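A.B. asks: For chain U, the structure is supplied; the task is to place chain F on it using the hints.
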Amino acid sequence: MGGKKILLVDDDADFVEATKIILESRSYDVAVAHDGKEGLRKVETEQPNLIILDVMMPEMDGYEVCARLKADTKYRHIPILLLTAVGEAIPTTKYTTEMGMKTEADDYIPKPVEPIELVGRVENLFRISGSKT
Amino acid sequence: MPRRVMKEILAAVINSLADGILVTDEQGHIILYNQKAEALLGIKGRTALGEPVKDYIKNDLLVRLINKILTLDLPFHTEEICLIDSGDSKVKVHVCPVRDENALLLGSVTLIHDMTQLSAIDKVKSNFLAMVSHQLKSPLSSTLLQTSILMDGMVGELNEKQRDLLQKIKAKTKGMTDLINDILDVCYIEEGGYVTQIESLNFSEILQRTIEVIQPQAQDKGITLQITVEDHLPFAHGNKSSMEAMCINLIMNAIKYTLSGGQVNIELSKNGQYLRLKVSDTGIGIEEKDILRIFDKFYRERSERTKHISGTGLGLSIVKGVVDAHRGSINVESEVGKGTTFTVLLPIR
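Protein chains in written order, with the numbering used here: chain U, 1 to 133; chain F, 1 to 349.
Chain F on its own, in the form it takes in the complex:
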């Protein structure tokens, strides 16, 4: 095909793409973009060509990603994916290095995908889950209040047997509420709901907040929480809510399976290209034969030593779900009667 026609065809193709495309040279000057990119990123007209990308893209995060791809000598197939706000729309950006056959860095290419429609679908889904949550939890809240009223003697004195039965009703009802919360967590993670809400995370802050929430319960049980966080930790990419869920479930588990007076150590550090979260306890430990099963949904050890421990059996499956969703890994080490250590590795992107 004659070169001139090919060039026109390519130009037409690029301008017809459903996604925006933005190409820079190795120094970050804009050398190519299409109409969609213009619309989604607000690049102004032809004068953008040849200019440094930071002068034309209003979004700092994207500019930083492009700079990162250009300056760090990352291996061939690296990409940075992020969700950014661009005016009224939410867009997903894919930034990749452009290399020639000799792997020499020529520049960067960014694909920009409009997520506004997907976000709408997501809203419908999360509305459904919200409705389900409300429909199930509201009646339970009333029931809990009604049992509290009865148990406090507000509508008449109770005999011991009545009080005892009510206590059991209350415990079961509370258990159902916890179960609903956990099931919703699992649904959310399994539906990949997290995908559209990825951001840069300050993990140390997330951990701090988790500890604040859990501290009173640890204190009630007489368990010491020992926290060590390394300085200057890099930010990780991920979904904030599910990371919070992961932390809470890991630490609550450690507390639940540790006897009063015991200790739970929480360490957050950098380990090569990963963030490492280590949660170890001086608790009852897990038997060899059970270790493979602890991440199964609803699996709980049912024995003399655990029968008084309440729980839905979903906590660790939520943890594993979150770890998998972020392409991390989780390791367990345990000795019966001595304690257990969970080590989570999350890639820093």
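If we strip away everything but chain U, and leave its shape as in the complex, we get:
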């Protein structure tokens, strides 16, 4: 069924560090990237089984990274979890993550996110993609 390697892409170093600690405590392998371009490079070098992508990043944002990966037959099977700090149209910030729905991400969570919630979604995505192979 494959390994459990997660690629975490976010320009907020503190968020990356904290999320890495949380995911590693659940026995996942975690690779990190700090912007979209680095993220795409690392998908090739690390071959992750799941990608967590922040939306707002410099150089290339999460939507674009997601779109590129989903358009690539080599990588489109990798589940993508989009982290959105903000909805496209305020005041949906509190209640929905509308923009996420328009991309092809497999799931999306608004920030701030509780560790339990994050881990739950990751496990869910692994379960779903596991049952597909």
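Honestly, the hints are just simulated from the structure, not real lab data. Only a predicted model underlies this, so the values are computations on that prediction, with no experimental measurement involved. Wrong hints could be hidden among the right ones.
To be verified - Per the computed footprint, the stretches of chain F lying under chain U, defined by three or more beta-carbons under 8 Å from a beta-carbon of chain U, are:
1) 146–156
2) 263–274
To be verified - Computed cross-link-like contacts, DSSO-like style, restricted to lysine-lysine with a CA-CA straight-line distance of at most 30 Å:
3) F:Lys172 to U:Lys20
4) F:Lys168 to U:Lys20
5) U:Lys20 to F:Lys170
6) F:Lys92 to F:Lys270
Stated by the list, open to error - Residues of chain U placed beyond 10 Å of chain F at every Cβ, according to the derived structure:
7) Thr19
8) Lys111
9) Glu123
Ideal Cβ placement from N, Cα and C applies to all residues, glycine included.
C.D. replies: Just chain F now, with coordinates in the frame of chain U:
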């Protein structure tokens, strides 16, 4: 001025208008339109004259609005304003009845305003708010994660005092995130951002979704939500996001100020030309002297009985902002120790 010259002048004026104009007779046949209307609505050439409007306008919503103005005998200065998609552009349409000096209905006149440029400005504004939101909320998300990690003992055991202080940090940080969300809501409403996103709303659906989101929190507190929605409610015109914000804030407020085991009743019904939303609780009630102030921004009752209740003090000002923006009204009735009822009336357009 000789009549022939006047007629030519009028024709030139109408064709030079920055907005589109479309006139029908009382039976809905097109009798006049200009080049702008042609461009914005896709009316095809001169053959459109004399034909029923529904054969030439592709947009159902507009056709329905025109029919509504023509068939219902509405008083003189009624207008229907709506935002519609017309091919690639977004247009705002103003539909009015045309009456002669004896108030006899002659037909309808529709003004069509191209909103595409305004939408661009709107995008810039909402991008700014989006950036502000991101800049403020991202660091807070990291902080919350870091405190969670510490509190869960993932990087070492904590003593009780450390845990206690971290709990307080977490609560404050979460409070700031809520505050940012509320401030953004207020900004959005005050900037009139809603104006360009008006649509026909199924209020009962909006209410249902709100309840789904809130149900778990009500359950956690042991509060029963009782919902009554009248059948066949008419659609209202308004902005969906802000209506959702209004519902969530009203109901969350009722839950917050009601003690465990209490009840919150939510009723949605038609009341004449209005939709009526009534939210009543069996909570702690509001004192007479405070009732006038509860809609003020950041106002919160600060007393023994409310000090443990968290909140930004913006919830009701958001509710009032949305109600005002939709030209509705809100009424409060309350008795200390017994409960409070908020009644919102929204005009059906």
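A.B. asks: All the hints need checking, so say for each whether the structure fits it.
C.D. replies: Outcome of the hint check:
Counting residues of the region 146–156 of chain F whose CB falls under 8 Å from any CB of chain U gives 6; the rule of at least 3 is met. Counting residues of the region 263–274 of chain F whose C-beta lies closer than 8 Å to any C-beta of chain U gives 0; at least three are required, and the coverage claim is violated. Of the supplied pair hints, the one linking F:Lys172 and U:Lys20 holds, its CA atoms being roughly 24 Å apart against a limit of 30 Å. At most 30 Å may separate the alpha-carbon atoms for a hinted pair to count; F:Lys168 and U:Lys20 meet this at roughly 24 Å.
Restraint check: the Cα-Cα separation between U:Lys20 and F:Lys170 comes to about 20 Å, which is no more than 30 Å; the hinted pair holds. The straight-line distance between the Cα atoms of F:Lys92 and F:Lys270 is roughly 27 Å, inside the 30 Å bound, and the hint therefore holds. Separation of U:Thr19 from chain F is inadequate, the least Cβ-Cβ distance of about 7 Å not exceeding the 10 Å criterion. Against chain F, the non-interface label of U:Lys111 is violated: not every CB pair exceeds 10 Å, the least being about 4 Å.
Distance check for U:Glu123 against chain F: the nearest CB is about 17 Å away, which clears 10 Å, and the non-interface claim stands.
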